[in-house]
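> Chain by chain, the residues:
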Amino acid sequence: MATGGAPLTPPSGPQPTAIQTTKPFVNFKPSDVPPSQFLYLQQNDNILIKTITNSSNQNLSLQYRFLTPQGEIKEGQFVFTPTVGPATTSFTLGECWLLSLGIQRLNAGTVGNWAHVQVGITRTAALGLPVIVHSMIWEGYIYNATFNGWPGVPSKEAYDGAGMVRTILGTTPGVGNEISETVPLNRRWTVQSIFLTLTTSAAVANRTPALTVDDGGFTFFVSPNPIAQPASTASFYSTSQVQQGAASLNTTTALLFPLNLQLKASYRIRTSTTNLQAGDQWSAPVYTVVEWASSEA
Amino acid sequence: MAKFLKCNSCGGIYPDTRDGKAVAYFHACPDQLIETHAVCDASGKAITPATFKPTPNPRNENLMPHPDKPGEYVMISEGSGVTEIA
Numbered sequence: 027m028a029t030g031g032a033p034l035t036p037p038s039g040p041q042p043t044a045i046q047t048t049k050p051f052v053n054f055k056p057s058d059v060p061p062s063q064f065l066y067l068q069q070n071d072n073i074l075i076k077t078i079t080n081s082s083n084q085n086l087s088l089q090y091r092f093l094t095p096q097g098e099i100k101e102g103q104f105v106f107t108p109t110v111g112p113a114t115t116s117f118t119l120g121e122c123w124l125l126s127l128g129i130q131r132l133n134a135g136t137v138g139n140w141a142h143v144q145v146g147i148t149r150t151a152a153l154g155l156p157v158i159v160h161s162m163i164w165e166g167y168i169y170n171a172t173f174n175g176w177p178g179v180p181s182k183e184a185y186d187g188a189g190m191v192r193t194i195l196g197t198t199p200g201v202g203n204e205i206s207e208t209v210p211l212n213r214r215w216t217v218q219s220i221f222l223t224l225t226t227s228a229a230v231a232n233r234t235p236a237l238t239v240d241d242g243g244f245t246f247f248v249s250p251n252p253i254a255q256p257a258s259t260a261s262f263y264s265t266s267q268v269q270q271g272a273a274s275l276n277t278t279t280a281l282l283f284p285l286n287l288q289l290k291a292s293y294r295i296r297t298s299t300t301n302l303q304a305g306d307q308w309s310a311p312v313y314t315v316v317e318w319a320s321s322e323a
Numbered sequence: 437m438a439k440f441l442k443c444n445s446c447g448g449i450y451p452d453t454r455d456g457k458a459v460a461y462f463h464a465c466p467d468q469l470i471e472t473h474a475v476c477d478a479s480g481k482a483i484t485p486a487t488f489k490p491t492p493n494p495r496n497e498n499l500m501p502h503p504d505k506p507g508e509y510v511m512i513s514e515g516s517g518v519t520e521i522a
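Residue numbers (this note's numbering), protein chains in the order written: chain A, 27 to 323; chain B, 437 to 522.
Hints listed in this document are in silico derivations from the structure and should not be mistaken for laboratory results. Cβ coordinates follow ideal geometry from the N, Cα and C atoms, glycine included. Treat the hints loosely; a few may be bogus.
Unchecked claim - Chain A is faced by these chain B residues, among others (derived, beta-carbon under 8 Å):
no.: 1; residue: Asn-444
no.: 2; residue: Cys-446
no.: 3; residue: Gly-480
no.: 4; residue: Pro-506
Only chain A is shown next, with the shape it has when bound in the complex (with noise of 0.2 Å):
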């Protein structure tokens, strides 16, 4: 005898297979039915890709699912390795409705990678020439381990979204001399902080190093530095929002940085050491950054 649950319907409900004996009020059209994305792609149509990427050796997978005039759905895959910095690619698929795509990493990745990718469709036969893009379908961020694609996540410019943070192991300068660090190509920084160490020789001399941030021509930031290291010894000096008054108890100098400075490229950070001496050794800059890909000039 059934205990619970509604008329004619068994008490554990119904199972997925067995038919239903109330009809349900809703009916499908399982024939004629329109694409369900509007994208049409005509012969002369090909999908665009536009990469700009932050380390080389990234093995991109553009998979696609697409509706051919004959009815039938298709899929396929498109692989793909960007050169580091802005790259340009495409393919064919002839005329279809594409339904959608799906875009990831196939290699290991390292931390820190980044790939901001663009698809589109453009009818430039040949990528030497200025590409015309005619429609862009979907662009945003591709990182390790994740995938992205269209319909879905929706489309993030290259200034959008959090950003990837990275920690960077700069330039160790030539013996007495001062370091500098460059934004590369395509990238916007928001500098977070910045660690430096300088080991002075036995010349006397009272070294007084500041930071500069320029933009590869005009110098717009100073830090003033009134605290002098004297000779035969190794200081830190870290970025700090506060100015530092007196010499540290420590061997740690702060100097003052404007807080979440936002870069792009060819802008520099350098150092500017009064009475730097020949003997004197800069170590390597370690600075902590939020990246993101830019078309800037």
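Keeping the supplied structure of chain A fixed, place chain B upon it in accordance with the hints.
Frame of chain A; chain B shown alone:
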């Protein structure tokens, strides 16, 4: 693949990221080097300030559009090249 590279133009040493196993690092020489360092007295104060000279044949690994091949990118300047350091 070497672990570090030494720039033959400015003497700077930086990580070798050419194999793609790390995020790319683009070295750019400073635009000037110290030609003569400051001379200081016994108290550490400068008697003669430092003088500077333009970096000879500077290297800049950042990319620019290829002048002859639209869509491609090349290093801005090779400079005096690099020396691999283990």
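> Run every hint past the structure and note whether it holds.
Hint check:
Given the 8 Å rule on beta carbons, the hint for Asn-444/B is violated: about 11 Å separates it from the nearest Cβ of chain A. For Cys-446/B, the interface hint holds, the least distance from its beta-carbon to any beta-carbon of chain A being 6 Å, beneath 8 Å. A distance limit of 8 Å between C-beta atoms decides the matter here; for Gly-480/B the minimum to chain A is near 4 Å, and the interface restraint holds. Restraint check, Pro-506/B versus chain A: the minimum CB separation of about 5 Å is within 8 Å; hint holds.
Hint compliance for this structure: hint 1 is the single one not met.
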